[in-house]
Amino acid sequence: MAGQDWRADLNKAFARFDADGSGRIDRGEFDQLLDALGSPMSAQDRELGFGMIDSDEDAAVTIFATGSEVEIAVNAQKDLSTAGIAVRVVSVPSYELFEAQSDDYKAAVIGNSPVKIAVEAGIRMGWDRFIGADGIFVGMTGFGASAPYKELYEHFGITADAVVAAAKAKLSV
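The numbering of the sequence shown is the working numbering, which starts it at 1 and goes up by one.
Since the hints were made in silico from the structure, they are not lab data.
Note that the structure is predicted; figures quoted are calculated from it, not measured.
By construction, the Cβ of each residue, glycine as well, lies at the ideal position given by its N, Cα and C atoms.
Any given hint could be a false lead.
Keeping only pairs whose Cα atoms sit at most 20 Å apart, straight-line, the calculated EDC-like set for lysine to aspartate or glutamate is [claimed, not checked]:
#1 K170 to D134
#2 K78 to D161
#3 K78 to D134
#4 K168 to D79
#5 K106 to D134
#6 K106 to D58
#7 K150 to E71
#8 K106 to D128
#9 K150 to D161
#10 K168 to D58
#11 K170 to D128
Each pair of labels, with its calculated beta carbon distance range [stated by the list, open to error]:
#12 G126 to E71: 27 to 33 Å
#13 T141 to S102: 19 to 25 Å
#14 F156 to D128: 18 to 24 Å
Work out the full structure: start from the sequences and follow the hints.
What follows is the structure, encoded as structure tokens:
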């Protein structure tokens with residue numbers, strides 16, 4: 001994204017497009033917001049909702065995430081990049097839309113990184129289509145806990161540190 005603190009950049013840009021103060025922007029404003037932030041998402045990715053948040057072409061690691069977990073993926077990408085490991089972060093908003101795409105498009109989104117990781121504050125079900133049977137899943141393994149989400153993320157190990165550790169272990173770094 002545009003700056004080192006992408007959340008600050010996003011908040012500033014969002015404020016410019018949220019003229020009525022409703023906290024909502026329309027599709028055209030969303031595209032303008034992505035352009036203002038220097039998003040690498042293609043027009044097709046924008047239409048479908050998939051896209052590389054940050055992408056290294058020859059990435060050793062691809063991290064897939066959805067919703068609030070994208071922040072965890074981006075933070076892990078930053079840490080791994082600092083360690084000299086090339087990383088792609090892919091936003092995955094909908095399994096159903098993904099499955100409706102051509103095989104070529106799906107292959108391009110998944111990429112060929114030797115290490116694939118999914119980050120999800122839910123269960124693994126559905127993520128194997130992105131990470132494969134030998135991929136790494138950072139997410140819930142049980143149910144029944146109730147607490148503020150940040151406490152639950154820490155408790156269940158749904159953190160950027162966990163993603164970094166798993167990627168490095170799989171790469172034997």
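Just to be sure I understand the hint, the distance between the Cβ atoms of T141 and S102 should be within 19 to 25 Å; is that true here? Once the Cβ atoms are compared, 34 Å apart, the range 19 to 25 Å for S102 and T141 is violated.
CA of K168 to CA of D58, is that 20 Å or under? Holds, because 17 Å separates the two Cα atoms, which is no more than 20 Å.
Take the C-alpha atoms of K170 and D134, compute the straight-line distance between them, and say whether it is at most 20 Å. 10 Å, holds
Measure nothing beyond the straight line between the CA atoms of K106 and D134; if it is 20 Å or shorter, mark the hint as holding. Between K106 and D134 the Cα gap is close to 18 Å, so the pair holds against 20 Å.
Holds or violated: K170 with D128, Cα cutoff 20 Å? 17 Å, holds
Verify the CB-CB distance for F156 and D128 against the hinted window 18 to 24 Å. Taking Cβ atoms as reference, F156 and D128 lie about 19 Å apart, which means the hint holds.
Are the Cα atoms of K168 and D79 separated by 20 Å or less? 11 Å, holds
CA of K150 to CA of D161, is that 20 Å or under? 14 Å, holds
Decide if the proposed pair is consistent with the structure: K106 and D58, CA atoms, cutoff 20 Å inclusive. 17 Å, holds
So if I understand the rule, the pair passes when the alpha-carbon distance is 20 Å or less; does K78 with D134 pass? 24 Å, violated
Do the Cβ positions of G126 and E71 conform to the proposed distance bound of 27 to 33 Å? This hint is violated: roughly 20 Å between Cβ atoms.
Restraint check for K150 with E71, where alpha carbons must lie at most 20 Å apart: 12 Å, holds
Checked against the numbered hints above, the structure breaks hints 3, 12, 13 and satisfies the rest.
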